[in-house]
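Chains as they are written, first to last, in the working numbering: chain H, 1 to 252; chain F, 253 to 504; chain U, 505 to 756; chain B, 757 to 1008; chain Y, 1009 to 1260; chain P, 1261 to 1512.
Note that these hints are calculated values from the structure, not bench results.
Where hints are given, some of them may not hold.
Using 30 Å as the maximum straight-line C-alpha spacing, the simulated DSBU-like pairs for lysine-lysine come out as follows [claimed, not checked]:
| # | chain 1 | residue 1 | chain 2 | residue 2 |
| --- | --- | --- | --- | --- |
| 1 | U | K560 | P | K1350 |
| 2 | U | K596 | F | K342 |
| 3 | F | K342 | U | K560 |
Rough simulated footprint, nothing fancy, chain Y against chain B, three-plus residues with beta-carbon under 8 Å [what the hints assert, rightly or not]:
| # | segment |
| --- | --- |
| 4 | 949-960 |
| 5 | 973-987 |
Taking CB as the label site, the calculated pair distances span [to be verified]:
| # | chain 1 | residue 1 | chain 2 | residue 2 | range |
| --- | --- | --- | --- | --- | --- |
| 6 | U | G662 | Y | N1233 | 54 to 64 Å |
| 7 | U | G662 | B | L922 | 54 to 64 Å |
| 8 | Y | E1165 | B | K846 | 32 to 42 Å |
| 9 | H | G192 | P | G1378 | 22 to 32 Å |
| 10 | U | E736 | H | Q61 | 51 to 61 Å |
| 11 | Y | A1021 | P | H1289 | 27 to 37 Å |
| 12 | F | G370 | H | D190 | 31 to 41 Å |
| 13 | P | R1481 | H | S82 | 34 to 44 Å |
Just so you know, even glycine gets a beta-carbon here, dropped at the ideal spot from N, CA and C.
There are 6 protein chains.
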Amino acid sequence: MTDPTLTATALRADGRRPDALRPVRLTRHYTMHAEGSVLVEFGNTKVLCTASVEEKVPPHQRGSGEGWVTAEYGMLPRATHSRSSREAAKGKQSGRTQEIQRLIGRSLRAVFDLKALGERTLTLDCDVLQADGGTRTAAITGAFVAAQDAVHQLLAEGKITSSPLLHPVAAISVGIVGGVPVLDLDYFEDSGCDTDMNVVMTGAGHYVEVQGTAEGLPFSRAEMNQLLLLAEKGIAELIVLQQAALAGADVI
Amino acid sequence: MTDPTLTATALRADGRRPDALRPVRLTRHYTMHAEGSVLVEFGNTKVLCTASVEEKVPPHQRGSGEGWVTAEYGMLPRATHSRSSREAAKGKQSGRTQEIQRLIGRSLRAVFDLKALGERTLTLDCDVLQADGGTRTAAITGAFVAAQDAVHQLLAEGKITSSPLLHPVAAISVGIVGGVPVLDLDYFEDSGCDTDMNVVMTGAGHYVEVQGTAEGLPFSRAEMNQLLLLAEKGIAELIVLQQAALAGADVI
Amino acid sequence: MTDPTLTATALRADGRRPDALRPVRLTRHYTMHAEGSVLVEFGNTKVLCTASVEEKVPPHQRGSGEGWVTAEYGMLPRATHSRSSREAAKGKQSGRTQEIQRLIGRSLRAVFDLKALGERTLTLDCDVLQADGGTRTAAITGAFVAAQDAVHQLLAEGKITSSPLLHPVAAISVGIVGGVPVLDLDYFEDSGCDTDMNVVMTGAGHYVEVQGTAEGLPFSRAEMNQLLLLAEKGIAELIVLQQAALAGADVI
Amino acid sequence: MTDPTLTATALRADGRRPDALRPVRLTRHYTMHAEGSVLVEFGNTKVLCTASVEEKVPPHQRGSGEGWVTAEYGMLPRATHSRSSREAAKGKQSGRTQEIQRLIGRSLRAVFDLKALGERTLTLDCDVLQADGGTRTAAITGAFVAAQDAVHQLLAEGKITSSPLLHPVAAISVGIVGGVPVLDLDYFEDSGCDTDMNVVMTGAGHYVEVQGTAEGLPFSRAEMNQLLLLAEKGIAELIVLQQAALAGADVI
Amino acid sequence: MTDPTLTATALRADGRRPDALRPVRLTRHYTMHAEGSVLVEFGNTKVLCTASVEEKVPPHQRGSGEGWVTAEYGMLPRATHSRSSREAAKGKQSGRTQEIQRLIGRSLRAVFDLKALGERTLTLDCDVLQADGGTRTAAITGAFVAAQDAVHQLLAEGKITSSPLLHPVAAISVGIVGGVPVLDLDYFEDSGCDTDMNVVMTGAGHYVEVQGTAEGLPFSRAEMNQLLLLAEKGIAELIVLQQAALAGADVI
Amino acid sequence: MTDPTLTATALRADGRRPDALRPVRLTRHYTMHAEGSVLVEFGNTKVLCTASVEEKVPPHQRGSGEGWVTAEYGMLPRATHSRSSREAAKGKQSGRTQEIQRLIGRSLRAVFDLKALGERTLTLDCDVLQADGGTRTAAITGAFVAAQDAVHQLLAEGKITSSPLLHPVAAISVGIVGGVPVLDLDYFEDSGCDTDMNVVMTGAGHYVEVQGTAEGLPFSRAEMNQLLLLAEKGIAELIVLQQAALAGADVI
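Work out the full structure: start from the sequences and follow the hints.
The following block contains the structure:
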């Protein structure tokens, strides 16, 4: 890896250092009906994450005394550079959509004690209003904050007596662009990179998900190690931002 | 009709006079990719309207020299008080969704000269971020502004030489609540009203669509006349707000 | 409005006066299984309306003590001039179909006392055997007669003790063709008209639904008033024909 | 087999002899748009068969110089004793529907010279208005008459110069009810029979399709022979009735 | 019929006599999870038949004290000469698939005493791994053996005390190829034959299903008799092979 | 990590060492129609992988001079311990199915030079006949062998002159079971493990995909390193087995 500080200007269109996140903003209470509602922005990527509590569970959990946490993902048709067709009109969700919503669901379940949640369902809807790369990692990062708000409301209402949320969780993408490992790829970087990795970690620094894909050349163990280090750095920063947002402080 | 000024406080939860619109806000350039992108707010109802230009037309217009204008409508699952299921996941759009998007499409086509648009398609995507009654009328009102922005871009790029947009168009709901005709019903009022009417009019004061439904008691000709007068007043105000938004002025 | 009596011959292909209905025929007991079964003909438009009683209600009415009235609409593939594809084979109902069946359902519910119906469902199936314009208005007009027959049977069987049908209901289309307001448009007139309005009224002369659409030029308040007057006249005639059919008299 | 003449009264609710058809009626020109349109009645079973000509062929026949003949089958929801759900609303055709429409299509193709038809498609839509057993055999019998009318029209228009219809074709059901072979089962007989067989034959007395099913006890070769004899008799009668209908004579 | 022994070599590509089956192999316990699992081979046609027992019944049998037997059929995309599209990906089963699985289900139900089965469901999944004609007849023949194995397991577990399987059942295709009736058609013969008949019989020599189709010329009664005789011979041989397989003997 | 040699017997039900693959078998030419057809077995997991060549490409590659490589995945209903419903009958592929087939497609494309393939499509159908954990990794490992056979055939036919297959590719699962990292998990191990990782690597030891999921406790960097080492060992062994199979040697 060449020295990132030297090549930053040339490397990234927005002048970011290779190891820098885009400006991240977490706006709570973005809409009024949901138990948790967060607009998360990673640069120009904007995802509305709502957390909805329903007093019922899917069949596989009925009578178990445990709750369920699940996620759905969508993209507005013109969230993207050219219009993509509406999945509701086509009559089915794409494989990509299903893959992403399954990832979000697993990531959030990994930090939930379903027993402590009780027999109710928390649904995290992550809808992309504007896309510029990293929508799934922004969605996980925002969904955690929305989930936390919903949990606080359950506690305040006395429906649960201790929080079922065991750890913070956040996610970031890393990749190798032009031979250089970079953090938090935008759409342009993502399209041109050789390797793309999405990493989901807890506040305690443990992995929940690692999904690395060679889009061009297969990657080496050394490259993977560099990418994991970068991701660890980015996620640590995101977790600070989540806590700040939850503490009510301004976040830029 | 009793004197609305006397009963206003009792009548409407937000203290509005029977003939008053909710605060309306039209935010242009709300997202960055679409040729037109407007967040329209009628009180707590918030709809994102994007206008997308594509250089192709559906089969029925191919080779005609004419363009096409169409609309799609969606509601985020937690735009509503309790979560509704995601149409993309269910695999089909509800009858209500189809009815609304057909209405939006017809309303905008009514003010477009398809010949002057040339063989291209303008798609208006209206996605409800937060619902509190009147989403279809907000959508039409916002979609006009998004369409106007898209037309300006086509003119600026020299793709067309004169505007295919013949008139402004806007829409409002009116209804009879507790015996009193009121303008711009919110969700609570809409749920309890006897008659609900959606009116779409041009800037020249002509009707594009009138859809009145007796939800409780059938209504008389006199009541319909009162409702049409109210709607005319509301639409005239909305058209002023649209022009102000397009002129770049602040709108509240 | 020019004098319709003078222009009638030139105006309408079948020589009708602008304010004249097509020949209307209501044939009861057209098929043998349904509780009500009526073939309704508005000129060449022929719709089979059956009313089916089922001793169950949809989930939203269970335990409410109230019944439900709903409608479904279909068109045989070759009811139309050129063959249209079969919705069952395509795997979904068009937006037009859903819009029409929702309209029929609302129109009939508007004249039903669901409490008096008891916890049962009345389904009105309106299937177009031959189409020549005005299928939705013929369907509503015929469905009322089928519903009345089904109600009589429930009364005769002692399942209910008083009729849940509060008023007759009928529907007609009106439109402006070549500048002249006309009643009960056939397919050819409907295709060429500037404004098309479907009106649903009760026997007491109150509105249940008004749906006006500018297909060409937006229409003025004065034009709407003319159309509403024409519709009122047509519906009054239809209600007489419905009563005659129910009284067992011949109807032409 | 006991003597059918002795047991007829007891055997069949309508007093028919075991080897008698129900009253058959073939009404041509039943609807006005289709190239062929026939209402076929086998007793209380009523099926509307339309033949539609389209100047295109499915992909597998394109450029072959040959045409195509196909069929679709449907049942109005209240054609049956209790209401069945609408296939268009459910979003798919049942296995039974597909099985029947494939049978109708094969039966008609068996008597068509696709080369002589030219590159066009003849679609036979068979929609059951009222069902009382034997809908598929009535449909085939009526579809032949509709197809013949459509062929006559193609000849009259000079689109083809010789008829592609090689033979008449008709169909009937036979079955063993209470140990006695009977012809043309109504719904009640069909529900209670041990063996049900549908036979499709040409005017020349050759088989196009034989579909026998043991609904209760498996059947012997001797029983099958009896059933085939009965079917042969019934089809010969149906072919006479088809010719009479096509000759314009009254048919009862 | 000409003497089949003389024309055999010329007639059939594999040198079989007209009245000869292809080599048949029934491999039990082919997969490990199912209660019955049989790979059936008719020459190059290979179908995996599994019998699954579930302790529930479909709604129409609930509380009846009776069980249910049903079948599903599928074809791997490259079981055929050129790849056919995957039905799961297309989102629906073809009419052919549904027709075949309904035939398999009826054939097996015909030899089951549903009362003796008790309120449980036996599902026969027949999946074609390699197709060379006769997949449906191989499926029925193999499904019987799988069903028998499942029944033995239910007996061994004491869930039932007497076998609900009343008779063996097997199936074979017969057809007229180049004027000669032949048994057990392979794909090449099937594509070119004039008449194709599938026959399902019990071990007692009674018919369960007979489905004959004229693919080219309609067929005579004499030809049908020849075909039925051939089928009878083939099925008698298949039933011997089934019994041998169930007795554990090697089968070729 | 405790010494795996000591705990092996207790740890794994089949007595395998933690770092041992299950017996792997690759049977080429398993079915006869496909250009490549391989039955791959990882212990009791059995997947049929076929490679089909079609002389066409999807729209996004048309005219590009490049080919396409894609995959579809399915599971026979009774491949699993209890019967799962058939996706073709349900009318859609599950999210899991789509996720897996996208993974297989990406993995194979990563080792293909699409330019050298020419404008044709290679479809890898991976159908699970029997499932016992690791179906996706077995599928990728078998699909490579099937793809290689299809490429050999294209070369033999002179359709391409050099191989578009750049590297071997294989896949294996690793996981942490009871605190011990183990290779190639069977279903029982997979169900109970805390962390599950699927690794896809080339013959040159580079990563194509890494997908790690914490099913129970999030995992540390140290654990991930152990898992990656284990996977590297397993994949090296699989690649030897693939080469042996392709060389025609017996493989156990």
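Hint-by-hint comparison with the structure:
For the suggested pair U/K560 and P/K1350, the alpha carbons sit about 27 Å apart, so the restraint of at most 30 Å is met. Between U/K596 and F/K342 the alpha-carbon distance is near 13 Å, which keeps this suggested pair within the 30 Å criterion. About 25 Å separates the Cα atoms of F/K342 and U/K560, which keeps this hinted pair within 30 Å; it holds. Remark: the segment 949-960 of chain B is confirmed as covered by chain Y, as 4 of its residues place a Cβ nearer than 8 Å to a Cβ of that chain, reaching the required three.
With 7 residues bearing a CB less than 8 Å from a CB of chain Y, the segment 973-987 of chain B meets the requirement of three and the coverage assertion stands. With their beta carbons about 59 Å apart, U/G662 and Y/N1233 fall inside the hinted range of 54 to 64 Å. At roughly 59 Å, the beta carbons of U/G662 and B/L922 sit within the given window of 54 to 64 Å. Here the CB-CB span from Y/E1165 to B/K846 is close to 38 Å, well matched to the stated 32 to 42 Å.
At about 25 Å, the CB distance of H/G192 to P/G1378 agrees with the hint of 22 to 32 Å. One distance hint, 51 to 61 Å for the beta-carbon pair U/E736 and H/Q61, holds here, with the actual separation near 58 Å. Checked against the hint of 27 to 37 Å, the pair Y/A1021 and P/H1289 fails, with Cβ atoms roughly 21 Å apart. A hinted range of 31 to 41 Å holds for the C-beta pair F/G370 and H/D190, which are about 34 Å apart.
P/R1481 and H/S82 have their C-beta atoms about 40 Å apart, which keeps the hinted 34 to 44 Å range intact.
The earlier numbered hint that this structure contradicts is number 11, and it is the only one.
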